[in-house]
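S.K.: Sequence:
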Amino acid sequence: MRTMKRPRIVISGAGIAGNALCIALNRRGIIPTIIERADRPQPGGHTVDLRGSSQDILREWGMLESVHALAVPEERMVAIGRGGRRLWSMPAASGAIVADLEVGREDLNDVLRQAGDANSRFGEEIIRSSLTQSGVQIETSSGRTIDADLLVAAEGTHSALRARMFPESSLAYLGGYMAFAPVPFPPDFHGEMRVYTAPGGVMVAIRPGRAHGHAIVAIRAPRVPQIERDTSAQRKFVVEHIGRAGISGDWHVPSILDASQHDPGFHCDALLKVSAPTWHRERTVLLGDAAWSGSPLTGRGTAMAIMGAEALADAIARRPHDLDSACRDYETRMRPLLRWSQRDASPRTLRAWAPASAGEILLNTIFMRTLTRTPLRTLLTRPDGGNLPRPVHAAS
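For any residue, its number in my numbering is found by taking its place in the sequence shown, counting from 1, and adding 898.
Honestly, the hints are just simulated from the structure, not real lab data.
There may be inaccurate statements among the hints.
Cβ pair distances, simulated, as ranges [what the hints assert, rightly or not]:
1) Ala1058 to Gly1147: 36 to 46 Å
2) Ala969 to Glu1126: 25 to 35 Å
3) Gly1041 to Gly1257: 51 to 61 Å
Where is the CB? At the ideal position from N, CA and C, for every residue including glycine.
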């Protein structure tokens, strides 16, 4: 009787996609190796949404109850104009901007990491990989050589493996930047996400969290590549644009400015959409934002990471001795979700969030009031899609 050899899987990246894949592989008897450039699990991060089939998958994994225990009590989103006037509000719902299950990124990643069983190597990165007769040989920054059957790039939007192995892939700039930082949550917000809207192409918001609030700053601006790996320059960029918009002393903006200038949890990045004509090549496969990021504008990246992890692990388990075909099956299963996941990944979405003029604010307000106060409001509470297709049926 033939002994089934379990495939050797190496995952580059210990974020949500990488840790979710670890769990999905564990459920199929596979213990992967995870390589992470950072020297420890990364703290911080904003609130993330669990949409589409992601909750069903977490339930199958026996983890939905644990994730629900981490849920952020965000009941609705409210737009605020100058003078504190409420412009419109939207309840939490699976198809709305505010999802019905939201958790902190750090909390979710911690729970996934603790549930998975992997050979984890922090403080290392993959510097080279080459195809061999039996799979792929991987060299890391520490001088290690690892032989694997499959290398999974789960490194996020700026994936170095994607740039090396998939040079035809591209990043589309969506017209601005988004920054996040922890801030005190105002007690009078009563579990609401509040968005402050004023002319100037800058949006500021505060979302509830379990231990503190989460500030969001969206900025419409030409791309400035020289700030994108320089945290000090990013802090200065955010402060300058808030100042130019003339809102530095408005609303709760002073606390957001203070966090943007000083808090170690501050994070800023360009809003980018990943396009990759294929997600697999030479025993390397893309997963999560490395494959299909639509930027934080979409609110669907976390759900896609979980669904993608389940789809890839399922394909590997179905074809453990034909991983090229397994990767094709995974891509066939996930490609139909790409339009859903990147639906709001456009400069138009950023323009709606960060209006440049009083006229744009008025048009947005009229539209949102019409949507939330008429029979059209049912559009906000219906599921917005994102259901993982059934597995590709193939003999193992």
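S.K.: Indicate, hint by hint, whether the structure satisfies it.
M.R.: Against the structure, the hints come out as follows:
1. Ala1058 to Gly1147: 36 to 46 Å: 42 Å, holds
2. Ala969 to Glu1126: 25 to 35 Å: Since the Cβ atoms of alanine 969 and glutamate 1126 sit about 32 Å apart, the hinted range of 25 to 35 Å holds.
3. Gly1041 to Gly1257: 51 to 61 Å: Holds - the Cβ-Cβ distance for glycine 1041 and glycine 1257, about 60 Å, lies within 51 to 61 Å.
When the structure is compared with the earlier hints, no violation turns up for any of them.
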